[in-house]
Every structure is written in C-alpha cells, then in structure tokens.
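A.B. asks: Starting from the known structure of chain C, fit chain P with the ligands onto it as the hints suggest.
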Amino acid sequence: MSDSKPQTLVEESDAKIGTTGHDWDGIKELNNPLPRWWLWTFYATIVWGVIYTVLYPAWPLVNGATAGVFGWSTRGEVAAEQAAFAQRNTPLANALAAADLPQVAADTSGELHRYAVSSGAAVFRTHCSQCHGSGAAGAIGYPNLLDSDWLWGGSVSDIAMTVRHGIRNDTDGDARWSQMPAFGEILSNAEIDAVVEHVREISDQEHDIALAATGAEVFASNCASCHGDAGEGMRDEGAPDLSDAIWLYGGDRDALHTTVNQARFGVMPAWGARLSDAEVAAVATYVHQLGGGEAEIEKVHP
Amino acid sequence: MFPRRVSGRFRQLKWAIMAVTLGIYYLTPWIRWDRGPNLPDQAVLIDLAQRRFYFFFIEIWPHEFYFVAGLLIMAGLGLFLFTSALGRVWCGYTCPQTVWVDLFILVERWIEGDRNARIRLWRQSWDIHKWRLRLTKWLVWLLIAAATGGAWVFYFADAPTLAGQLATFQAPAVAYTSIGVLVATTFVFGGFMREQVCNYMCPWPRIQAAMMDDGTITVAYRDWRGEPRGKHRKGAKAAAASRIATAYAAPESAADAVVQQGDCIDCMACVNVCPAGIDIRDGQQMECITCALCIDACDDMMDRVGQPRGLIGYLALTDETKERAGEPPVPMLRHVLRPRTIVYTVLWSLIGVGLVVALLMRSDIDMTVAPVRNPTYVLEPDGSVRNIYDVRLRNMSNVPRDFSLSLTSDAALNLSLQGEDASTVSVPANEILLQRVYVTAAPGSSAATGDHTDLTLMVEDFAAGTSASVATTFNGRVSQ
Ligand code: SF4
Ligand code: SF4
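Sequences listed follow chains C and P, in order.
Take 0 as the starting number for the first sequence in numbering that gives the first Met the number 0 and just add one per residue.
Take 0 as the starting number for the second sequence in numbering that gives the first Met the number 0 and just add one per residue.
For reference, chain C alone in the conformation it holds in the complex (with noise of 0.2 Å):
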C-alpha cells in the first residue's frame, strides 16, 4: 500500500480545520465541527432545561428540593388524584355507611353490594391480608375466612361487629372476648393427654379407644361448658366448634395438648377505630361473600 494517499488527507484536513492538538506516536485528533443542527439541538437542551429548573421540582437542597415556581409535585398529583376518586367515590361509601348490611349483603346484583365487594377487597389487601393472607386463607393461628367455620357468626353484622371491635383487644369495651383456662394449672398431663383423644374421636381423628373414653369424663367436667357436651362450641362464648375438621391452632396430638395445657389467646384490633362505617361495611360484605358468609339469624346485635 502506498502511504502517500493517509497522508495527504490529514494535511488537507489539518489546513482546513486544524487538530486539536492532541497527538500520540504520530496521530492528531482532528477538530472537526459539530454538525450544526447537534450543536443547535445541544443549546436548545440547556435553555429547556435551565427552564425547566425553575418551573419544576429539581434541585436537591438540604431539606428536601427546590419547589418550582408551578408548585407541582408527583406526590401532590397522586394525591389530587385520591382525593378525586374519594369526592367521587362519597355518595356510595355515604349510602354503604347508612345502608341495612344484611339487605346490601344478600343483593348480589346491586350498585352497593358491587361497589362494598370491590372497595373491601382493597381495604382487605390494606389492613387485613398481613393476618389473614391476600386470598384470605388464614394461616395456623388466623381464621380461614373462606370456609364456612366461624368462632363469633358468619352472618354479615356478625362479621361487621368482629371487624369493628375487634377481639379480645384493650383498646375495646366493646371486644369480643372469651378466655379459656390454661388446663395446665388445673388437670394433670395423663388427663390433658386423655381429653386430647377424646376431642380427636369426636372429631373423627384417629384416637386411643380406652384413653378417649377416660377423657370423655374430663371433657365433661372441665370443657363441656363452653365447648357443649358433643363439643360442638359456642359461639355467643367464640369457643370452637371441636367436632369439626377445622382447627385454628392444628389438630394434631401436639397442638392439642399444648392449647389444652396453655390455651390460646389469639388477638384482633378494633378497625373501627381506624376504619370509617363505609369501610367496615365495606370489608365485612366483602368477607361475607368469599365463600362462608351465613344467612342473617334473628337475634339482636348491638
């Protein structure tokens, strides 16, 4: 190859634009001008965005950032947007809040049942799922509020009532509340462990026939009681229903002995202090439809 071609290129550009002085081992850089329309597009990007600065949020400061003199914000924007869906939202959660709960729960096709059922999902997602889990599946110690099993009444003011004081919390008078002894003090571990069989043979569990029938005698002085004489529960006393396939704290031999012997002291906050009527309703409709809700009984409720 002949060298005299490179050559002449850098000298024809070097008279013409010159280097910009920069040279290694024989290699100039050359100081070609930016295209025009770069440089243009390059101070318009800089007035845009002295601009910008001042009228937006931007620069950093100690406390927090410059305002900007339009006084926008993301958060404030998201917050107008709230307070938009809420204005919005008013009359419904106004007429959930004074609605008969019953007659909303049992109008599956109505506005208001439609809009409790999708506005209490979201309170659920909020306040309720860190217990009860997002699909509303409970876990060992935290009601399954998808089965038909209820500790204090599945009918809808039943649940409204739970939501709204809560349960065995210091913070309610109104609570529901219910303790059970811790049998440890008063039986000795040969009865725990016989009473232990008999609530598995009611339970249809697999059980000790002759411990079972020892342990028939203890669960009718000691736990009949509260939880009836087949151990099918109570719930103006929120005590368990025995005799069912569901248990709260596991129905194995283990868990059993040591709710017998300790018993359980499971905990609910009063959401009525931090949650509105409508939201209550809300929820609790929400709830009722999952799956286990009951019929209104004919009682009077508080």
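Just so you know, the hints here were simulated from the structure itself, not pulled from any lab data.
There's no promise every hint is true.
Examples of chain C residues toward chain P, derived with CB under 8 Å [what the hints assert, rightly or not]:
{"hint": "1", "residue": "I50"}
{"hint": "2", "residue": "D146"}
{"hint": "3", "residue": "D243"}
{"hint": "4", "residue": "Q288"}
The beta carbon of each residue, even a glycine, is placed where N, CA and C say it ideally should be.
C.D. replies: Relative to chain C, chain P with the ligands alone:
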C-alpha cells in the same frame, strides 16, 4: 430528488392503483353496517374502549385475537409470495410511502413545474416567487397530510360523530394527538424524506433480498442490447449497420464494427424519472422499488428513435443467457409458478382456510376458567373440600341470555355459583360476566383426599342450543 414526469402503461397502472388504495383508505370508515341497537353501525371499527374489533359481519373480541394474528401472518406470507415472484411490487405499487410520495410529487410538479423547472427553482435564491411557490406547495401537502391523519382516527371511533367533534374542537385529545403525529410524519416522509425512508428506515429492502432469487421478475436493463451506449444521431444506426456490413466483407475489423453502438442512446430519461434516484443501467440495486417508471420512460425514448421497446423491462435473471443467445424468454407464468411461490401460496391458503373455518365454527358463547390458587383449596368444617374458580362468561350476542353451568368428572363433585341459588346466571348482551364458581368434594371422597382430579366445566344456553366447555383440575387435600 427531482423525478421527471413520465407517462406510459405502468404509470397509468400506478395512477389507477393509487386511486383505488387511497379511495379505500379514505372511504372505508364511512361505510355503514347495521348491527342492531346499542352496537356501532360502522363497517370497520377498532373500538379500543370496548375492546372490540368490527369488520363488516365479523366481530372480534380480545380473546379471539388469533384472528388478527392469522391475518397478519397471511399478510406477511402474501408479501413473501409476491416478492419472490415479482420482486418489490409491494414497494413499487401499493406501499403507502410510495403512494403518498407519488401524490406529493404530483402536487409538487403541478405547482413548481417538471424536473428542470424544479431544479432551477431549487438553485435559485429565496425571492418572493420562490416563497410563493414553496408555501403553496407546503400548504397543499399539509392539507393532504391532515386528510391522511384525519382519516386514520375515523377507524377508531364513529366517523360522523368524530368528524363533528373534530370540527367543533370537542374530540378527545388522543384524536388530535394522533392526527398531529400522522400529519407530521406524512408531511416529512412524503414531502422531504421520500426515497430515504425506503433506503434508511424501512427494513424491507434488506429483507426482500432474501426472498428473491434468479427466477424473480425484476426491472432490469437489457445491457446486451443497449451497450455500448452512445448519443443518438440521425443515421448513426444506419452508419453502424453499414459498418457491420463492411465488417462482414472485411472480417478482420468485424469485432470493432459490431460493437459500435447499442440501443441505449444515453438520454438519461430512465435516471431522471427514477423516484429512488438510481441508474438502472448499473444493474439491479437495493434501492430500486421496481416501480417501472424507467420502463415507461425508456419505451417512450425507443418509440421516438424508432427502436423496439423493452430495452428496460420486467425480466428474470435466468432469462439473460437465453436472451443473449437470441432465444425467446421463458413465459411470465413459468417464472411466477416456481416451487417457492407454490409453497408460499399453499401455506397462505391453508391459514386462510383455517381462519375461515374457525370463523364459521366459533360460537357466540365462550368461557374462560381461572382456578383460584390462593389458596389451592378450602377445607370446610364437615371435611368437604372446596375449590374456587373465576369463570368469565362471554355473551357475544345482542340479547341477554341465561347461561347454565354444569360439570362432568370421573369423581363425584358438586358445583355451585357464588351469590346464586341455581346454577344458571343471566349474562347481559355483549358482555363478559365474572362469576365465582365453587366445586365441592364430599368428605372422604377420592377427590377430597386425592391430589388432582380432572373435571370439565360446561356452559350451555338451552334456548339457543349452544355450549362451550373448558377442562381444568380440582385440588384435593394432598395438593399444596
Ligand atoms: S430503477 Fe426504474 S423501477 Fe427501479 S425505482 Fe428507479 S424508476 Fe423505479
Ligand atoms: S431511457 Fe433508455 S435509452 Fe435513455 S438512457 Fe435510459 S436506457 Fe438508455
């Protein structure tokens, strides 16, 4: 680029195609189609808000989008087919870019004159005359661009209503934005970028090279006839002929004489009319859109100098050797019917037939089933096991209908609907109903204690006698 005006049969064909394609584009949204009450009576409508696509008697719901996918595949295969058979016919005749550029050039020529006048104007300094011509041209272009963008939005809303809204500045912002973007792109692409869009922005020129082979028909220059080119002089040919005659008499100078002059008179007509700005005499090039304008231009020239037409013409590369040897070319049809094109045609037709069959067989009742997996099952106090399914029932007809749900399974399972006492729900016309469905297995049954049990959910409309079914599974207590 200053393409010169040209007339001829291909130019005529192009005008005709332009009229037809533009006509279809602008008029389609205005065709009415009576679908009954509460439904849009526009024949072709993409209803994004309601998520429906109407195409004459066909109504496509979002879950039937495979129809659209199928049509797109057919369009792609069709493009392959035409490209492998006839080269870039799509580009040359029907591509929107070509059509609108043609239209814009027509306006340009009408206002600023033909090629030479336009070049002169372009070189000239910006005086009032130039400003006047330029502004008029831009104005007409803008009007065309506005009409283009305007027509586009009519595909997405009821055309007469939207037209009224647009005129009174009440149309949704998105309509104005769409129009704005389309006006800008039409104006810039059609008016200023033209062939550069094809060369730099469009991927097709590069892809099409793979679709073409030696048998593909393209626009080509018969260099064996035209070369060596030379300026046309009256009698030059005759002189050449006499030289040839002399050459036969004196064979030693024959080679010299015979190659004296070809048919190309180097008039540059083919180059001047080319919207892609290339010289077809250099051979087939990527930029060429096979628009055949150079054929028209050269045929015109050949007519004038009294030579046979076809110095530039549609031909396949495989014909070249034959033509050089003076044999007749293979008939067009033989070129078009090659194994490759036949395969494309068969594929294309298969998909087409498949779509038509699917269209005819689809029912106006449809269901999708989403088993709720959070939790996988629910244990009831009596030991029975319940599974929850979110079922979407679609009533794709114009009347409300009662849908009855049932299930079939080898195991004994029970079905019930949330919030309903019976197993029948009413679904409003043209709506999707989300219904929670409970399936329960009795305590101790195989489904309740087992792992997975197959079941089929079925939805029926007894009145219309139509049904749909979906297979799913039931989770027992073993599954986690
Ligand atoms: S070379 Fe001929 S066919 Fe190709 S783009 Fe130019 S005018 Fe059209
Ligand atoms: S138009 Fe025909 S004759 Fe004129 S330069 Fe082109 S090929 Fe040659």
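A.B. asks: Compare the structure with each hint and give your call.
C.D. replies: Tested hints:
1. I50: 23 Å, violated
2. D146: With a minimum Cβ separation of about 5 Å from chain P (threshold 8 Å), the hint on C/D146 holds.
3. D243: Constraint on C/D243 satisfied, holds at 4 Å.
4. Q288: Holds: closest Cβ of chain P sits about 7 Å from C/Q288, inside 8 Å.
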